[in-house]
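Asker: Letter by letter, the chains look like this.
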Amino acid sequence: MTEELDLAGPDSDAGSEEVVLTPAELIERLEQAWMNEKFAPELLESKPEIVECVMEQLDHMEENLKRAKKEDLKVSIHRMEMERIRYVLSSYLRCRLMKIEKFFPHVLEKEKTRPEGEPSSLSSEEFAFAKEYMAHTETYLKNVALKHMPPNLQKVDLLRAVPKPDLDSYVFLRVKERQENILVEPEADEQKDYVIDLEEGSQHLIRYRTIAPLVASGAVQLI
Amino acid sequence: MFCEKAMELVRELHRAPEGQLPAFNEDGIRQVLEEMKALYEQNQSDVNDAKSGGRGDLIPTIKFRHCSLLRNRRCTVAYLYDRLLRIRALRWEYGSVLPSALRFHMSAEEMEWFNQYKKSLATYMRSLGGAEGLDITQDMKPPKSLYIEHFLPRWKCEQLIRQGVLEHVLS
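So the sequence lines, in the order shown, correspond to chains R and E. Per UniProt numbering, the first sequence runs over residues 1 to 223. Per UniProt numbering, the second sequence runs over residues 1 to 171.
Treat each hint with caution, since some may be false.
To give a feel for the contact side, a few chain E residues facing chain R, derived at Cβ under 10 Å [to be verified]:
id : residue
1  : L33
2  : L121
3  : Y124
4  : L128
5  : G133
Because the hints were derived from the structure by calculation, they are not lab data. Please read all numbers here as calculations on a predicted model, not as lab measurements. Note that the Cβ used here is the ideal one computed from N, Cα and C, for glycine as well.
Start from the sequences and build out the full structure, keeping to the hints where you can.
Answerer: Here you go:
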């Protein structure tokens, strides 16, 4: 398979970008998104273009397999490749769903207050799912307990009740693009903040909060 | 002491290992709600006395009852929410149809929540594109075999072995 795929980037300030990727590059992008999502404590920017293209790719491979002769070996290898890709995609989407459910009030609040032009952390389908999850859970708690409680206690602020993701948790990363002058803020009062450079190819263990924007921009890869 | 029943609910879940769903303690919930009602009514009356009757000495008791009310609510919501999380996990473990043993441990409202969750999840998965979407509750483990054992005539494989696509496995 040597055809290339059109991967239309999200609408950004610079207008929509079109990137043409080979299938191999697409899968690499998927694996990178998957690993980032696995290791990041918060829900990352949604990548609907990657999901869509990978789904198309899988359909394509399925089509090819149906048409291929019963050459046992080629079919097995292609099928294995399909299973592998399907596993990575499923795992990626599952990981996202788990974070959406775990932090649902915060995820929805973030989307509600998102400044225009900033990319969303939720695909439109994920957004619908999150809203339903919140509505069902709120209704459930209200009907089973809250509405039977004294009037001044019937409202529970889910934003306060449900914990937020811990952005200060430590993550491993590998640097893809050299970064200079990254400000590392102190954890304790006795420490001072300091500045580091991140060399390309180097690996670090660092607080997620410090490098969150670099994950979003693709300058670092969580490992 | 106040909040005993509420604490018991929390302890009950704390004792149940992950993945297990004890029977819904309807009675326990009812008792906590009753205690909350009683505490609230006592507070209402004391607040009146404190305001109009000049009974400032009642204020510590009022505060104490209010704290108990908040604790009761927190424990109740924690109990109910934790159970929802366990029920959610069941969908991923057992699929759409739950074993009847588990169903008996769920309240009618919990069942309703479960059905709504299933439906939301199904809608989401269908939306993932392709003909029927993608069932992400499958493929929970990475494909195991890196090597497919095949018995093939040597002349068919030689090329591929040299290309590194296949490996000659002697077992």
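Asker: For every hint, state whether the structure bears it out.
Answerer: Each hint tested on the structure:
1. For L33(E), the suggested interface contact is upheld, since its CB lies about 5 Å from the closest CB of chain R, less than 10 Å.
2. Because the closest C-beta pair between L121(E) and chain R is about 7 Å apart, less than 10 Å, the hint holds.
3. Evaluation of the Y124(E) hint against chain R yields a held restraint, the C-beta minimum of about 5 Å falling below 10 Å.
4. For L128(E), the suggested interface contact is upheld, since its CB lies about 6 Å from the closest CB of chain R, less than 10 Å.
5. Below 10 Å, beta-carbon pairs count as interface contacts, and G133(E) has one with chain R at about 9 Å; its hint therefore holds.
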